[in-house]
Amino acid sequence: GVRVLGSVDILPDLARTLPIDEVFISVPSATGPAMRRIVNICKNSGLPFKTLPAIGSILNGNVSVKILRDVNYEDLLRRPPAVLDCLGISRYLASRGVLVTGAGGSIGAELVRQVVKFLPEHLVLFDSSEENLYRIEMELRHELHFHRFECVLGRVQSQPLVESVFRRYRPDVVFHAAAYKHVPMIEKNPWEAVFNNVKGSQVCMDAARAFGSSRFVFVSTDKAVRPTNVMGTSKRLAELLLQSMQDGSTRFMAVRFGNVIGSSGSVIPLFRRQIELGGPVTVTHAEMTRYFMTIPEACQLILQAAALGAGGEIFVLEMGTPVRIADMARDLITLSGKRPDIDIPIVYTGLRPGEKLYEELITADENVVTTRHEKIMVLRANGNGAGDAESFRRRLSADIEDLVSLAHRHDAPGIRRKLKELVPEYCPGDNECVL
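Quick note: to get the working numbering, add 5 to the position in the sequence shown (first position is 1).
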């Protein structure tokens, strides 16, 4: 019964003839370019605007269609969001025990939200942050109405704690999302990457193997590709360890992400805070590019990887063309109703230690294999050149213990030297290595 006045192209005429207070953009599935076109028409017509939530959020039940928002992170992707086929996921999640480490973080919490829809037998939430763990606990109880779960507060590098969790709950599926990921912070505190990203991953992998988990999915990063920082190198080392675990019954697999829009520590929340404060928005370099994905995309890839993986794979989402950070900053300023360089200035601050101008999802020596999902690629290593998996794993475990000893002594130069020994492509601190 609502009269349709015409297409978006007539908005300028309507603004002159009708008393319009605000425009609600109700095409949440529009691509980034289409959304920017609509926004520009609103701006040129002098009309304030808001947009509805993304259709995926509505269908998933995370938000109501009645809720309006100022900016949708998907509007910044400059590509259609990937929607992955979930067939087969319910077969390994329904009526199974599931463990999520890092369950209170942005990726872990969204993963929990998606997992409960497949009705697992029980869910174990493991996190080192009391506040984050409490927040996802309250959401499960009072919003998602799921009660078959337990919360474990602790650190994944605590072998006695992790083993007790596996012994008590016997998780069939493990999603290992716990990690430190802030590159500049880890450059200053490299021992924490050793404790959490390396040793913590090893402890969880060993426990999954010892207690008979059927699937283990490790959340990695594109910063593990030819890494120039400690964080990326620590994740690459964990990938190597994971690929040495293929001689048992547990299927170990990894998921390599680009940057996750809206996650804790990502650049977008920082930009939003800077815009709210009136600027400036700080960008490290005018030509810096990154691959981006949304939090739901990231979690769909994790779930899909566990369904597809036979063991030893690294899965990568086809993410289209990298996005320039400066362009994303301008889009975010525009979508917030401001004018880049006029209302909100952009300041370039220079590359920080360990940062690259651009990042890669794969290397030349990794075998890229397509899957039945057009948006997912799988990488198979050409081999570690170290004989059988058990002997390689034994040597790597000894090297990790040496690395942990250096971390206990807070020996940052020693940690970097050892990481370079274990991950030869690691290129720390050299300008010629910054890509």
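Everything labelled a hint here was simulated from the structure, so no lab data went into it.
Think of the CB as a built atom: it goes at the ideal place given N, C-alpha and C, for glycine as much as any other residue.
Some hints here could point you the wrong way.
Beta-carbon label-pair distances, calculated as ranges [to be verified]:
hint	residue 1	residue 2	range
1	Asp252	Arg175	19 to 25 Å
2	Arg146	Asp252	38 to 44 Å
3	Lys55	Ser254	36 to 42 Å
4	Pro418	Arg140	24 to 30 Å
5	Leu149	Val374	33 to 39 Å
6	Ile347	His152	27 to 33 Å
7	Tyr363	Arg140	58 to 64 Å
8	Gly325	Glu406	50 to 56 Å
9	Ser100	Arg377	21 to 27 Å
The calculated DSS-like cross-link candidates involving lysine-lysine, where the alpha carbons are at most 27 Å apart (straight line), are [as the list claims (entries may be wrong)]:
hint	residue 1	residue 2
10	Lys343	Lys48
11	Lys425	Lys193
12	Lys343	Lys122
For this session: Compare the structure with the hints numbered earlier in the document and write down the numbers of the violated ones, lowest to highest.
Result: Hints 3, 4, 6, 7, 8 and 12 contradicted; others consistent.
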